[in-house]
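**Q** Sequence lines, in order, name chains A, B and C. According to our numbering, numbering within the first sequence proceeds without interruption in unit steps and concludes at 357. According to our numbering, numbering within the second sequence proceeds without interruption in unit steps and concludes at 397. According to our numbering, numbering within the third sequence proceeds without interruption in unit steps and concludes at 287.
Simulated from the structure, these hints should not be mistaken for lab results. Being a predicted model, the structure only gives us computed values, none of them experimental. Hints are not guaranteed to be accurate.
[Stated by the list, open to error] Restricting the straight-line Cα-Cα distance to at most 30 Å, the calculated cross-link-like pairs of lysine-lysine (BS3-like) are:
hint, chain 1, residue 1, chain 2, residue 2
1, B, Lys218, B, Lys159
2, B, Lys205, B, Lys55
3, A, Lys67, B, Lys55
4, B, Lys218, B, Lys229
5, A, Lys67, B, Lys229
6, B, Lys205, B, Lys229
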Amino acid sequence: MLKRRKTLALLALLGAPTAFLLVFFMGPLVIMAIYSWLTPGLYGGVEWELFHLNYGRILGWANTRYDQFDPVYLTIFLRSLRLAALTVLSALVICYPAAFWISRMRPARRNLALFAITLPFFVSLIVRLFAWVLILRPTGFLNQALMGLGLIETPLEIIYTDAAVIIGMTYIFIPFMFLPLYASVEKLDPALIEASGDLGATRLQTFLRVILPATAPGIAAGAVITFIPALGNFIVPSVLGGAKVLMIGNLIEQQFLSARNWPFGAALAMLLMAGVLILLMAQLRLARAAQGEPRR
Amino acid sequence: MPRLLEIHKASKAFHSPEGGTITALDEVSLSLSSAEFLTLLGPSGCGKTTLLRAISGFEPLDRGQITIDGQEMTDRPAHRRPVNTVFQRYALFPHLTVGRNVSYALEIAGTPKAEIRTRVGEMLDLVGLAGLGQRGISQLSGGQQQRVALARALVARPKLLLLDEPLSALDKNLRRQMQLELKRLQEELQIGFVFVTHDQEEALTMSDRIAVLAQGQIQQLGTPEDLYRHPANRFTAEFLGESNLLPVALHDGAAILADGQRVPASGRGTSTLMIRPEMLGTAPVADGLTFAGTIRERFYSGTSNLLIVETQAFGMLQALLRADAPIAVPGSPVTLYAGRADLHIIPGGAT
Amino acid sequence: MKCVTPLGLYGVLFLAFVYAPILLVVVFSFNANPINMMIWDGFTLDWYRLIFGMEAKAAESASYIDSTAQLYAAVRTSFVVAFATTAISTLFGTALALAVSRFRFRLAGFYRGILLVPMIMPDIVLGIALLIFFVTIGANLSIGTIIVGQCTFLISYVFVTVSARLALLDETLEEASADLGATPLQTFRRITLPAIAPGVLGGALLAFIISMDDLVITYFVAGTGDTTLPIHIWGMLRRGIKPEINAIATLMLLFTLVVAAAGLYFRQKKE
């Protein structure tokens with residue numbers, strides 16, 4: 062009787078949310094997976110017939126009259142990987158010293174500083190990106206300032222380039238990189254750095270042999286959770302990248318809203334998901350290996 | 047008239063993380079008369095906490111029965127059982143004041159406001175916290191929190207109070223004081239206490255009866271004196287107090303020690319002879335046992351001297367002597383005596 | 017005098033990098049220049065006046081801005097969506113957190129894992145999956161599909177926040193309550209709920225802010241008539257930047273900062 066009552070309470074808690082997520086979360090993912098194997102209709106829409114050339118067009122085995130392999134899709138994948146990687150790198154370079162700066166503050170100031178860094182995270186994404194449009198435009202703040210100082214004569218073309226996309230993504234993902242980094246930097250015992258110096262290591266040696274290995278888990282975690290949303294991002298490239306900078310996200314969006322080839326878009330999305338999953342598994346493995354390994 | 051608490055063949059097994067099962071309770075039977083102070087004593091993992099949680103209703107039994115005051119409890123959820131618990135780390139509600147913690151059970155029961163106020167006041171008086179009703183829990187010391195936990199558990203006037211190692215978080219002096227106070231409370235209120243502890247000294251000081259548990263079974267149940275003087279098995283002998291355990295052969299109405307000395311005893315086979323360290327003395331006793339040896343170490347504690355004496359036949363023996371007894375220095379020979387009345391043959395095999 | 021270390025100097029630059037773009041928007045929202053918003057042309061409150069439907073000081077200001085009717089509609093939609101999604105996701109997320117942390121059942125680990133997925137998967141994938149789903153089942157894209165779509169990932173955020181709070185709650189408190197005669201429902205209301213209330217509140221605030229800010233999911237599952245505020249601004253950016261956008265952005269900023277600061281403040285105070 063005790064058991065049955067508990068089961069009822071559990072079902073009452075789980076029932077509605079489970080049903081909701083099964084229908085509206087799992088359902089869409091399953092249908093998308095099915096869609097990626099269906100035949101695109103002539104005028105948009107879809108025919109319920111098995112079709113593998115959606116993947117073939119991307120990955121290389123499609124060579125029928127209507128469906129040809131086009132290396133441009135792989136190029137766009139590679140370009141997305143590159144832009145995401147550069148975003149991770151620049152966020153890391155910016156956040157790493159800042160993490161040290163905050164970890165050495167007195168606790169009261171430290172909380173205030175952490176608060177100050179997380180606060181912009183809550184500011185609307187579109188507003189933050191808009192700010193960078195204002196800064197990077199040909200008539201924008203940066204060009205005005207540089208021309209005003211006499212450093213340049215004609216406006217720099219920054220907006221609608223790869224650089225603008227990287228700047229924008231770096232800016233919006235700073236909290237993603239900063240928080241895991243900070244967590245591992247904070248755990249670093251300052252005595253370790255002193256000990257290393259005491260044992261005759263130069264600053265560079267101390268950094269490479271003590272600080273970097275000790276904060277590696279934070280770097281890895283920050284890199285992964287920055288890389289994933291950067292890889293699939295399509296807002297930043299469409300606001301700051303214009304038509305020239307195309308990432309996977311934009312390509313997928315186009316299939317749905319202008320090209321109207323939904324099965325092909327679904328196949329692209331499936332490949333993006335697969336990439337993300339592989340990355341997460343790798344990170345999980347690395348983290349586990351690092352934990353399981355005895356410290357030396 | 048029914049007993050206050052009756053436990054009949056209670057059994058409970060847990061799944062271990064490795065996939066096996068751990069027997070926490072193995073057909074434990076026990077009963078308690080009203081106004082009795084019963085202690086469940088044993089090492090960690092012996093089943094004492096599981097037994098307590100089975101009584102309070104947090105741990106359903108696999109088999110067996112529990113009745114309280116003649117009423118069947120086995121399938122009753124915790125909130126419908128007429129017992130209250132003092133938890134190990136008190137489990138005081140952090141968002142409520144001292145007063146609201148104490149009044150909790152009465153509020154739940156729908157007691158009229160005026161009555162709640164008087165009874166909470168009485169309870170705070172009883173545990174020595176008069177006037178602290180408005181305080182927050184975090185403003186109290188460990189000892190005060192302990193008293194709030196007691197008041198909270200007693201306010202509904204349960205016939206049976208369960209205490210799960212309530213003193214383990216206190217420092218030694220406070221602990222001693224609370225032991226005496228708990229005993230006083232129990233006698234004053236005339237209700238049943240089931241007290242769980244792994245501290246044998248605590249158990250001996252407070253209890254009317256002690257149940258020694260190990261491996262999910264009751265090893266022995268009896269008064270503190272009974273358990274101390276006549277342990278039923280080797281486990282109880284070793285767990286409660288210090289002891290010298292000597293192997294003996296039972297033969298022809300006597301127990302024969304390794305060096306040939308004899309004491310009258312019944313039975314056959316091998317067994318163990320227990321001599322408590324304080325029963326060994328340097329003054330000769332007629333009609334007892336004699337152990338000659340060499341003093342190896344001596345520990346002075348103010349009230350007593352503990353000697354570690356090496357004997358040829360039995361290895362090291364411990365003897366606890368009065369501090370003023372004349373003692374030779376380590377390395378010198380000594381002869382120890384034990385009176386026959388102070389010996390105890392542990393029943394059963396010599397395991 | 018305090019000595020400035022290189023690290024301290026870097027820290028100041030870092031904070032400047034984080035805050036300068038936002039401050040820029042705020043400062044230039046008071047700029048009178050209607051054509052190039054980055055060239056200062058005197059202080060004005062006209063853009064704020066016009067957003068709130070008042071007369072502008074400079075007569076021609078009104079001719080530079082978009083109609084406010086669409087803006088109002090977008091704000092309204094955003095609030096309706098945010099309130100609805102916050103209510104649903106707080107309820108579901110809290111229920112899931114309670115079930116997973118307070119009951120021992122075989123699927124608990126599965127729930128814990130699967131609920132992380134919506135937070136880490138690329139949002140565009142979830143967006144198009146929802147779009148395909150709604151079209152396949154023949155649902156009309158509307159405010160309803162926005163609400164359902166956002167809830168699929170907001171539930172996870174509430175779940176994580178409430179779970180973190182539940183992990184701090186000592187289970188023996190609930191046992192103590194039952195021991196003192198409280199039914200499971202009474203225990204929940206008197207002990208569990210007050211203890212997790214900050215977590216639930218925090219989760220709800222987080223869900224509210226994320227909902228108000230969501231672009232990607234909303235972009236794919238919104239009907240043509242139902243535009244939320246972020247989508248509306250995105251549209252404005254695409255069509256060409258109008259002077260009042262700074263003022264709108266500043267007001268949004270103010271709103272999210274107040275909500276977020278309140279949330280963070282309450283969380284710190286409770287701890």
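**Q** Could you run down the list of hints and mark each one as holding or not?
**A** Cross-check of the supplied hints:
Restraint check for B:Lys218 and B:Lys159: the C-alpha separation of about 39 Å exceeds 30 Å, so the hint is violated. Only pairs whose Cα atoms come within 30 Å are accepted, and B:Lys205 paired with B:Lys55 is accepted, the gap being roughly 22 Å. With a CA separation close to 25 Å, the supplied pair A:Lys67 and B:Lys55 stays within the 30 Å bound. Proximity of B:Lys218 to B:Lys229 is assessed by CA-CA distance (about 17 Å); at most 30 Å being required, the pair is judged to hold.
Restraint check for A:Lys67 and B:Lys229: not satisfied, since their Cα atoms lie roughly 38 Å apart, outside the 30 Å limit. As the CA atoms of B:Lys205 and B:Lys229 are separated by approximately 16 Å, the hinted pair is consistent with the 30 Å bound.
This entry does not satisfy hints 1, 5, going by the numbered hints stated previously.
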